[in-house]
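J.: Got chain A; can you put chain B on it based on the hints?
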Amino acid sequence: MFRLIIQYCFSITDIHASVIGLRSSGITRSIQDWLSGMMPEATAQIVGMVIIALIYLGIFSVAGLFLVLIERRVAAWFQLRIGPNRVGFQGLLQTMADALKLVSKELTGTERADKFLYNLAPYFVIISALMALGLIPFTKAFQAFDINIGIFFLIAISSIGVIGILLGGWASNNKFALIGAMRSGVQTISYELSVGLSLLTMILLTGSLQLSEIVEVQKNGWLIVQGHIPAIIAFMIFMIAGTAETNRAPFDMVEAESELGAGFHTEYSGMKFAYFFLAEFINMFIIAAIATTVFFGAWLSPFGITESIPILGVFWFLAKAMVLVFLMMWFRWTFPRLRVDQLLTLEWKYLLPINLANIVIMAFIVWQKLIIQI
Amino acid sequence: MERILFYILALMMISFAIAAVSSRKMLRSVIYLLFVLMGVAGIFFLIDYNFLAAIQLTVYAGGIIVLIIFSVLLVHHIELKLEMAKPKRQIVTAIACLLGIGVFLKTMYSYDFKVIENHVTTTTSDIGAKLLSYDAGGFILPFEVISVLLLAAMIGAIIIAKGKKLNQQTDV
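So the protein sequences, as listed, match chains A and B.
Under numbering that gives the first Met the number 0, the first sequence is numbered contiguously, ending at residue 373.
Under numbering that gives the first Met the number 0, the second sequence is numbered contiguously, ending at residue 171.
One chain only, chain A, in its complex shape (with noise of 0.2 Å):
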């Protein structure tokens, strides 16, 4: 625990320095100095903590507005529309007006719903989102916790979001939030095998589950070049399952519009439902933050053309999130909805079998040495 505190606090010295830049390390060195000269050593590693937590907080609210804005430009796009572009340059405040709006609504609830549950629900998702967001390398600095399990805890920690939807369904006491938390449960937890087996295959490659041993690796070449056939199958096979775990179209039955209303959160109104909301969109960017981490090479330049700047990295791992992230929103506007047993098939008797081979034929290639590294 002690080795893992210490760590954040030297996180908060290299996220000081990747935010406000390279020239600003005396500011920096100077904070921590001010953190540490004002309290005792104790109250500064919490203080730091605390400047940790508040930051991500600051980056789950921005990118979570910033990506139903896109999701929303992306959709006119698609359909010959403009979209919403009045509110600030180009649209850019629009979302957070509606998010003002949503703050100032009526908070609403169903009689005889089970006030505690129903209003625990939406926690359970952000923190899971939140928690997952901790582990996801935007530099080589900019990483609040490298536990040495990385990938298995970014599994392990996905699976608990699914506990809110259930609990959100049920506790609103309403048919349509029932059924789509059922669909949820059932669409989860069988996803969850194939997001799980398809990084199973990738860890094959790096032989470590820490993230950052994992970009390591790659900088021999990405691991979607180094794995070539095997691995090109397990990232489709992973964007497929994300897309399902994510709950997004095609594979949103939980909320069906057509069928359930707005399925498990058809009770929740202003900012619950802004939750679940945000919630869902930042899980659409972990997904995207994983494969970019686990096959594209995190914030390594292509080629290595910037490795002299290193704070350029996150520059070129938010753009390579967002083009996962834009792939997802073309899924979603471009193919129709899944029946739940169409759902439940493609993934038992399909995904899940190749899923298996595919792991076996990675076995083969990484014994052979058939791994292409440049």
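In case anyone wonders, no lab produced these hints; they're calculated from the structure.
Beta carbons: idealized from backbone N, C-alpha and C, even for Gly.
Treat the hints with caution; some may be incorrect.
[Unchecked claim] Derived DEER-like restraints, expressed as beta-carbon distance ranges: (1) A:52 x B:106: 34 to 42 Å; (2) B:18 x A:60: 43 to 51 Å; (3) A:56 x B:159: 44 to 52 Å; (4) B:93 x A:114: 44 to 52 Å.
T.: Okay, now just chain B, sitting in the frame of chain A:
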């Protein structure tokens, strides 16, 4: 710092464990149980055994609790409450619990715990090597036995789930 965190976790686990058995709303007690299991994961994190903590989160919090919630959603309505047990049964349960606590406390206080100064995190590669080693202290036999057991359980589940269909096909 670690001491404070331990006491927070311990207090959380004890209070939620009591809440889990005393709540009369079924789904609420499931959620209290979830918090207890998360507290156990927190203890594992505290002793720097990350792998077991993540296993605790995946298997218990993510798997078993979700299955329990699922079965509650299927059979339980929001307005139902669990009935109170009969007084006679309550007394019997209380005596059994006290006996159990007594056995636990006796074992705990009679065992001589050793303090290890410089502990290292167990990595997944260590665990994997230990699971597959057939030297003394290796776990290859239990590993294989468990995998056979899981396979048998899986085949059994498929046969139970498809039972009727299988029979019809064999008749034709």
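J.: List, from low to high, the hint numbers that the structure doesn't satisfy.
T.: 2, 4
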